[in-house]
Amino acid sequence: MTGHLTVKDCGDSAVVARAVGLDQEAAWRLVHTLADALDAVHLPGVHGLVPAYDALLVEFDCADTGHETVRRLLWHEAARLGVDPGPTAAPRRFVVPVVYGGEHGPDLPVVAAQLGLTEGEVVALHSGSDLTVRCLGAPAGAPMTDGPPFPVPVPRLASPRTRVDPGSVAVAGRQAVICPMPSPGGWPLLGRTPVRVLDLHADPLTPYRPGDTFRFVPIGAERWGEFAGVSLAECAEGRADGPRLVRHG
Amino acid sequence: MARGWSGMADTLTVRTPGHTTVQDLGRTGRSRHGLPANGALDQHSARVANILCGNDERAPLLELTALDFACVPSADILVAVTGAPADVTVSAAPRPQWEPFVVRAGEPLRVAGIRQGLRVYLAVLGSVETEYLQGSCAPDTVLGFGPALRAGDELTLRASCPPLDHPYSRIPLFRLAAPAAAAFPATTWTIDVTDGPDRAEFGDTASRLFGAPFTVSPRSNHIGLRLGSEGRLPRRTDTGEVLSRGVPIGAVEVPAGDELLVLHRGRGVTAGYPVLAVVTATGLSALGQVRPGQALRFRHRTLDEAVTAYRAQRAAVDALRARVRTAFDTLRIPVHAGG
Chain V
0 MTGHLTVKDC GDSAVVARAV GLDQEAAWRL VHTLADALDA VHLPGVHGLV PAYDALLVEF
60 DCADTGHETV RRLLWHEAAR LGVDPGPTAA PRRFVVPVVY GGEHGPDLPV VAAQLGLTEG
120 EVVALHSGSD LTVRCLGAPA GAPMTDGPPF PVPVPRLASP RTRVDPGSVA VAGRQAVICP
180 MPSPGGWPLL GRTPVRVLDL HADPLTPYRP GDTFRFVPIG AERWGEFAGV SLAECAEGRA
240 DGPRLVRHG
Chain B
0 MARGWSGMAD TLTVRTPGHT TVQDLGRTGR SRHGLPANGA LDQHSARVAN ILCGNDERAP
60 LLELTALDFA CVPSADILVA VTGAPADVTV SAAPRPQWEP FVVRAGEPLR VAGIRQGLRV
120 YLAVLGSVET EYLQGSCAPD TVLGFGPALR AGDELTLRAS CPPLDHPYSR IPLFRLAAPA
180 AAAFPATTWT IDVTDGPDRA EFGDTASRLF GAPFTVSPRS NHIGLRLGSE GRLPRRTDTG
240 EVLSRGVPIG AVEVPAGDEL LVLHRGRGVT AGYPVLAVVT ATGLSALGQV RPGQALRFRH
300 RTLDEAVTAY RAQRAAVDAL RARVRTAFDT LRIPVHAGG
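Chains as they are written, first to last, in numbering that gives the first Met the number 0: chain V, 0 to 248; chain B, 0 to 338.
To be clear, the hints were calculated from the coordinates, so they are not data collected in a lab.
As the structure is a computational prediction, the values presented were derived from the model and not from experiment.
Cβ coordinates follow ideal geometry from the N, Cα and C atoms, glycine included.
All the pointers check out, no bait thrown in.
Output of the computed footprint for chain B on chain V, the stretches with three or more beta carbons under 8 Å from beta carbons of chain B:
id	stretch
1	5 to 15
2	62 to 71
3	131 to 138
4	169 to 182
5	201 to 212
All chains, full assembly: derive it from the sequences and hints.
Written out as structure tokens, the structure reads:
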């Protein structure tokens, strides 16, 4: 139903489609199933799809196709899919050890103060529920998830860091992320996982997909070495080699 | 060609590396997995360099940034040099840019004094062997893929070239009239943009983008350019929370600080800043040539104007490809269109 989609031009080589008037879950499902549908169509000239939380960026070569063609395809596929196309592939759950605070999570005290909570309460909220991966974003295919159930959104840093360590676990607004590779970043850092998020020899490079969930488990800094270099793929629940990762409770 | 007998591949040995990488047009089709396109920042010059050598336009070639470069081939090669103006020599004798020419085995090829622009592209007939990641050899600095070349590196040539040079004189072999990039201005660049999807959030301040010129900060790179200005910057009037979403290459973002951000081909695929304008496809090739410290002005284009300009540029490249094929067929040079 096209009433739930707006499509805006985004320069001469992209358009952005946004789901409107839907709840968060339905909006997310719409833009991701729309991306699947466009992928299947293989429209000549279209070379990039970035479905995120409630928006889908479609990148194309404007010598090979045009805004009107892409727009018509979006309307057509959206109408075909209907309002709520329902869940996609069966989600997987990743259980990820995190060392919170200290040198690994330098912004934990600031975030706690901003939220009016203790550091322990922030950690408990961040690790207390499964967080759904909404998209693979910046940098380097980072898993961008829903934020933990904090009382208010978390402001971004006034001055972004020039380097954030790989494995850093960060929050901003009502979103959360693990940073896969060293990169600049403006999101407050709560902690860091010793687990290796990304594998340059795998295809795709990252083991998770949108719809999968992450459960963070606090560990003491002394257990860092136990998990250092373990690949995130091994943290997927149901993996025979996975359960050794985290001692629950 | 009787080169296969030794089992030794012909090579291009790097003498002066400058700041040079093996590059291509980018890692497209992976943005859904969070991977930026990367690839040659001046796509037009890179495309033309490959086509002048009879290569597929996506074939690996060298991208030289700012610094002098020299190499020596172990066999005769045909090369083309495009991009920013520079002094191109073979054994100290000048050679043209934007036309292919021959370098004999053992002769040093040198590109020095890159000026006005920032990047030079050097393609060689048949291209070079290189490593691929997710379908492209384009360096990705965030992933740590695609190292810069070092002195002594030997690039393996994928093909060798038959002897070509005119036997009795030094008259140029080719007059292919390649469509050179737009002018390389001595002072101020003009970069075309169209309206961005969030322009309305800036109210009347949006027009400040077209006021005073901007200066490119030294903290600019292939991920994005930072632009400062003497004039007042556009300001977002809307203060609502922005959810991360996909942002296009060329997005002009306006953070709260005193600089604008223009995303280039290494940009992360998602961001949370509002997008005031988007640099056009032809504008991005030009922007890939702007040096830190140089000034630029943005020029507003309609979507139709932008698309028309890009299609004209690509049509000129297609016409060049046809002329190259004709010339190469006449000279019995093999065309490596498969990339």
